[in-house]
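Novice: Chain by chain, the residues run as shown.
2 protein chains.
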Amino acid sequence: MTVLLRRDDLHASVSDPESASMNFLNEVAARFPAAISLAAGRPYDGFHTTDDLDRYLRGYLAHLEALGLSHEQRQRQLLQYGRTNGHLGALIARMLLVDEGIEVPEQAVMVTSGCQEAMVVALRGLCARPGDVVLAVEPCYVGLTGAARVLGVEVVPVPESAEGLDPDTVPAVVAAVRASGRRPRALYLVPNFANPSGASMPVAARHRLLEVAAECDLLLLEDDPYGLFGLDDEPRPTLKALDTGERVVYLGSFAKSCFPGARVGFLVADQTVVDAVGRRTLLAEELSAVKSLLTVNTSPVAQAVIGGFLVESGCSVRAAGKEKTAFYRRNLRTLLGALETSFGGDPRVHWNTPAGGFFAVLDVPLTADEALLETSGRDYGVLWTPMSFFYGFDGRGPGGGGRRQIRLSCSALPPEDIGEGVRRLAQLVGDRAEEER
Amino acid sequence: MTVLLRRDDLHASVSDPESASMNFLNEVAARFPAAISLAAGRPYDGFHTTDDLDRYLRGYLAHLEALGLSHEQRQRQLLQYGRTNGHLGALIARMLLVDEGIEVPEQAVMVTSGCQEAMVVALRGLCARPGDVVLAVEPCYVGLTGAARVLGVEVVPVPESAEGLDPDTVPAVVAAVRASGRRPRALYLVPNFANPSGASMPVAARHRLLEVAAECDLLLLEDDPYGLFGLDDEPRPTLKALDTGERVVYLGSFAKSCFPGARVGFLVADQTVVDAVGRRTLLAEELSAVKSLLTVNTSPVAQAVIGGFLVESGCSVRAAGKEKTAFYRRNLRTLLGALETSFGGDPRVHWNTPAGGFFAVLDVPLTADEALLETSGRDYGVLWTPMSFFYGFDGRGPGGGGRRQIRLSCSALPPEDIGEGVRRLAQLVGDRAEEER
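Residue numbers (the numbering used here), protein chains in the order written: chain A, -5 to 431; chain B, -5 to 431.
Be aware that one or more of the hints could be misleading.
As the list claims (entries may be wrong) - Far from chain A by the CB rule (all over 12 Å, computed), these chain B residues: (1) G108; (2) A141; (3) P229; (4) E240; (5) P254; (6) D363; (7) R372.
Unchecked claim - Distance ranges between label pairs, derived from CB positions: (8) R176/B - E100/A: 43 to 49 Å; (9) K316/A - R177/B: 41 to 47 Å; (10) S64/A - D3/B: 40 to 46 Å; (11) E364/B - L63/A: 26 to 32 Å; (12) T361/A - D3/B: 42 to 48 Å; (13) S310/A - L61/B: 55 to 61 Å; (14) H201/A - E306/B: 35 to 41 Å; (15) E228/B - A313/A: 40 to 46 Å; (16) P359/A - R176/B: 14 to 20 Å; (17) G175/A - T361/B: 40 to 46 Å; (18) A14/B - L91/A: 30 to 36 Å; (19) R177/B - G338/A: 58 to 64 Å.
Claimed, not checked - Derived list of chain B stretches under chain A, where covered just means 3 residues or more per stretch with a C-beta under 8 Å from a C-beta of chain A: (20) 262 to 268; (21) 284 to 291.
Note that these hints are calculated values from the structure, not bench results.
C-beta: ideal position from N, C-alpha, C; glycine also.
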């Protein structure tokens, strides 16, 4: 007798609505390969080649030799199992100091198998009991809500404003959660050029959020994949850089600053943990037990690739990333210009003007759902992401928000395709808004 | 005000007893670096060098070119995000056919960030509800019990015999679990040269276990990291090779057959899943949602390293591993010979005679606990692992079993150190057994 498993007997994360949405998006993209994708939020392909891999590996090995490691030690560091929290702590701590003015000990850094694992580790470590919940800005990156779902952790939304999270909306949410007997363990947000909204928090709001976090006794999970890609050089200090009270667990990624295929991310957790007998450790050290049970340690080969990149750049991904920054700036400006060109005369259509990053949001006078996306791919040759995918993660389900909104991404396209993509989208919106009227 | 977190407010997996045990072991090893370690179960260092990395990467790129991938496609495959279940499915399916006679479609293969992630993915996907439990052979590899703890999944022990798991003990455990209202979702075991016991299941018992699994409607999680390393060339078919009813989810690793630093493992799940509208998929495809929420995908760079190794070996890790097999055979024979030399005259001491693998178990006439291990490291210069670390994972806690047993590992040592390590251990046992008398 052959096994036949029922899908609804598998864990809820298997039929995760966000996963289903993203699968739908991938399927549509596969069915209409000629469509211009304003949906893909991945970094542009053109910045690295596989020739970089060997150079980075050799550069990292030379770095280890300069640090005094013997031939045997260097071989072991790349090829054996290794320290759970990884061997890039010192280089990453240096990078955070050079690029962001964040001062943390290397022991507070955990190298992870991409930033996704950093989210899982942080949520798992902090959410200990059934009533422990995480707060998250809404609309929210699906990686965070998915990580929570895989662990069975409830996510409580905190609505975002046009200027990112409004700190003064947080205390009421915290109070309501506590009044219901649950514990709010942390608040997740992307202060710089958020995915999906493109919104950024003003510096004053960042300071205020840190005050609120202290008043509410709340940790902040700061995710910062896009911080390098501001439209201008105005400093936008991370929450972690402003954090004098160790309120912030910082989540980092090399997917955009280097390339995604290394799958190397990190978390910074310099909070002090005290046990029953008064012994003190850093949160990153405690979380290593969780990390070891998920993936043992992050591939030391992949770490060495990123290590070589860091060594080559003098631990400044900002300095190394000037070409990337210029590219994404041009693309975002091109997108905003194309929106003006194609929609500027239409009073029913609005969009925001992000100060950087990969994304902008378009408000349209029609329901931007999966059916419309399918029509868009098939008949208009352009793909985008329904904003509703990023709402309703607290169980309200579809219809929770973003129903007449579209996320546009400009990161993966050659700039010459962006205008044409937006022109096709305007055609769709014009045709269909007529019909819906 | 600076954050101060209480350790007992963090998740139970942070203070996981197995993690604590393994940390203790690592600490002891760090404090007594000159001690001979019969504790370390990692593979020997001498089989690969970092020079292999570039060759494997180039070999894999050439393989992709031969498959017809363009330069751009090859670059993207290594450097971008990629397919959640990875891009080694075809090579791994070929390897399983060539080496093990396992016939599965490549769509049933998921590449994971080490075998640890494969365990997490399988447990998470299968254990959907609070009463869903996993059965596991006891004594058990701590990676499995740890994966269950991080997910909050209960593990129910099935005691192992000297000949590995006795299939006819399984139905009573399954019945008891069901009678209590819980669902046994799978049974975890290592049929070949188990960690920690070294025990192997006779072929007849493997056939019987598959019958029992069908009778009990139970899936089997077969973990096979040591299958290459039998003392002889006698065929020991994996459960998956004998599995005509798709009862077995197979967990694999390249940590021993290639090297650990790639952190590439895999799972094979060819079970059919049917949803509410009758749509059929493979379990590995459904589990990809879970994998994507843990680590997105396994580093394509690390996958390419293993891919190059597979291409170079003609997809036979058995053929490529002859030197490794010979080394581990010699080490295990050396260990068994040294036990005879050092303990052969002592009627109070017994040990098993594994047919292969990295481990053997020594029964000693004294309590083999952390205190004795510390004494052993400090005063006798030899390290080993208390077998009690591998018992009591169902909450019975320490004292659940293995109290007067020691796990000896011979995998990481040069063979010339093994005899001296055992001689030191015999000295310890002789001295302390006198005292305890």
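Novice: Tell me the hint numbers this structure goes against, listed in increasing order.
Specialist: 1, 2, 4, 5, 9, 13, 14, 15 and 16
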